[in-house]
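S.K.: Quick note: the sequence shown uses my numbering, first residue 134, plus one each step.
Since the hints were made in silico from the structure, they are not lab data. Warning: the hint list may mix true and false statements.
[Unchecked claim] For each label pair, taking beta carbons as the anchor points, the in silico distance ranges come out as:
1) Arg623 to Gln566: 38 to 48 Å
2) Asp569 to Ala365: 34 to 44 Å
3) Ser217 to Thr511: 42 to 52 Å
4) Glu452 to Gly420: 32 to 42 Å
5) Arg309 to Trp259: 19 to 29 Å
6) Pro538 to Arg623: 17 to 27 Å
7) Glu300 to Pro620: 22 to 32 Å
Given the structure is predicted, the values throughout are model-derived calculations rather than measurements. Note that the Cβ used here is the ideal one computed from N, Cα and C, for glycine as well.
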Amino acid sequence: MPASLTRRQALAHALALGGSLALPSAHAAEAPDRVLRAARQLPALARQLQRATGVPGLAWAVVHGGQTIAAQGLGVRRLGHPGSVDADTVFQLASLSKPLGATVVARQVSLGRVDWDSRMHDLLPWFALSDAQATQRLTVGDLYAHRSGLPDHAGDKLQELGYSAFEVMRRLYLLRTAPLGSTYAYTNMGLTAAAQGVAQAAGQDWASLSRTSLYAPLGMARTTSVYEEFTAQHNRAWGHVRTPDGGWAEGLPFNANAQSPAGGASSSVRDMARWLALLLARGRWQGRNLIATTALQPLWEPQAPGGHYGYGFNLGATEAGLEFTGHSGAFMLGAATAFTLVPALNAAIVVLTNGIPLGVPETLCRQFVDLAAEGRVTQDWWLRYSQAIAPLMAPEGRLLGQQPPALPAPAGALTRYTGRYHNAYYGTLEVEQAQDGLQLTLGPVRQRYRLRHWDGPRFSFAPALESAPPGSLSQATFTLAPDGTAPAQRLWLEYYDDEGWGTFERI
Numbered sequence: 134m135p136a137s138l139t140r141r142q143a144l145a146h147a148l149a150l151g152g153s154l155a156l157p158s159a160h161a162a163e164a165p166d167r168v169l170r171a172a173r174q175l176p177a178l179a180r181q182l183q184r185a186t187g188v189p190g191l192a193w194a195v196v197h198g199g200q201t202i203a204a205q206g207l208g209v210r211r212l213g214h215p216g217s218v219d220a221d222t223v224f225q226l227a228s229l230s231k232p233l234g235a236t237v238v239a240r241q242v243s244l245g246r247v248d249w250d251s252r253m254h255d256l257l258p259w260f261a262l263s264d265a266q267a268t269q270r271l272t273v274g275d276l277y278a279h280r281s282g283l284p285d286h287a288g289d290k291l292q293e294l295g296y297s298a299f300e301v302m303r304r305l306y307l308l309r310t311a312p313l314g315s316t317y318a319y320t321n322m323g324l325t326a327a328a329q330g331v332a333q334a335a336g337q338d339w340a341s342l343s344r345t346s347l348y349a350p351l352g353m354a355r356t357t358s359v360y361e362e363f364t365a366q367h368n369r370a371w372g373h374v375r376t377p378d379g380g381w382a383e384g385l386p387f388n389a390n391a392q393s394p395a396g397g398a399s400s401s402v403r404d405m406a407r408w409l410a411l412l413l414a415r416g417r418w419q420g421r422n423l424i425a426t427t428a429l430q431p432l433w434e435p436q437a438p439g440g441h442y443g444y445g446f447n448l449g450a451t452e453a454g455l456e457f458t459g460h461s462g463a464f465m466l467g468a469a470t471a472f473t474l475v476p477a478l479n480a481a482i483v484v485l486t487n488g489i490p491l492g493v494p495e496t497l498c499r500q501f502v503d504l505a506a507e508g509r510v511t512q513d514w515w516l517r518y519s520q521a522i523a524p525l526m527a528p529e530g531r532l533l534g535q536q537p538p539a540l541p542a543p544a545g546a547l548t549r550y551t552g553r554y555h556n557a558y559y560g561t562l563e564v565e566q567a568q569d570g571l572q573l574t575l576g577p578v579r580q581r582y583r584l585r586h587w588d589g590p591r592f593s594f595a596p597a598l599e600s601a602p603p604g605s606l607s608q609a610t611f612t613l614a615p616d617g618t619a620p621a622q623r624l625w626l627e628y629y630d631d632e633g634w635g636t637f638e639r640i
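Whenever a hint applies, use it, and build me the whole structure from the sequences.
M.R.: Right, here's the structure in full:
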């Protein structure tokens, strides 16, 4: 896992990177004994991982050619409630939504409705980057390969605050961008814009397009791209987070509708196995060509700077040079998912869990690949992944680990800080006086933070949304007039400044 990746990039791309990929041979033989033996060892390996981590529930499926040769669950869907995980339990996929959605786009390419080189200006004329020339040249492929120039995870915090997909995408033009095609930066909302453009060209919304063009033809009856349809299912998994004592507790719900093509799909391992079978069969399903091979191939070819990413798919190779494709998904509020597809073995595995990212699905995927390819597990994958992911899940913030000053400068009259503050990106926030100090309210969901006095006009608050690792502590600093009596003129929020829009002016 390259050190240059940001926290959230690394969580979304926990599979090893590098290499290119060829589609599997159309004349692949029946499942060799080593693949079958590898699949049979997964229950024991999954139990070991559950004992090591306590993750409440996980499920996995293995596909060879057109056959699902293993599909099983372990653990519970929700702590403290009846209901075991099985192969039909529906999990939030998080970023596995990207390769799944890229397959939806590939079908539209196959049908001639769009192309990976279709310009976003033609599909969504209102969508813009800060660079007008880049806006004119930007393509669907640029956004699916994360080479648009948008900053890492651009717009995610807007989505978490409850802004609609349209409102988030409309505001992305306010962000500074790198030159088009010059760099790789993982963006959920940029990819979502591309998917929305494709859906509009097809005359449908994204969720309907996904259902009619992929889920329904494959018989993926439990798969949806709508959060409310996920929560309506009886056999579904709840997200779980770690507690300070190392245990587990139910996490807050995370509605990812606004970034549905990038992180809002949900599915079971039995359904996902059907999708993997389609990929292994080069787009053929039940004797007919659902997607042309020429439309699928670009997904698995290097498209991003660095060569490790195609269109919605990671590209990688084992230490022995065995090429694979895959992706990981993660929600800080309680989901970790992964799949790996190995053309040379004509086999694939998907693993879904209902706990925060610790390395469990990636470990089980790589253990299977080792067993299927080498007949043995070549290294301690759990140690490798858990050690790599642990620091990425660590709390963050400038004030973290610091003690408030023993003799802090007084805050003065709290009424100087109250009022409404605004910037063009995040909109308007309100600071009010509460019984125990100050309270900040931000966004359409009216996200509330308690501001605790730290020193003079500096306060602290604890971010509690999807982008914040548990235990994070952030800073809020007011700018006061020199005489110290006039109302504060601006407010800087550390947590919301990663894209340069952390400063709000009084209105």
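S.K.: Going through the numbered hints above, which ones does this structure break? Give me the numbers in ascending order.
M.R.: 1, 3
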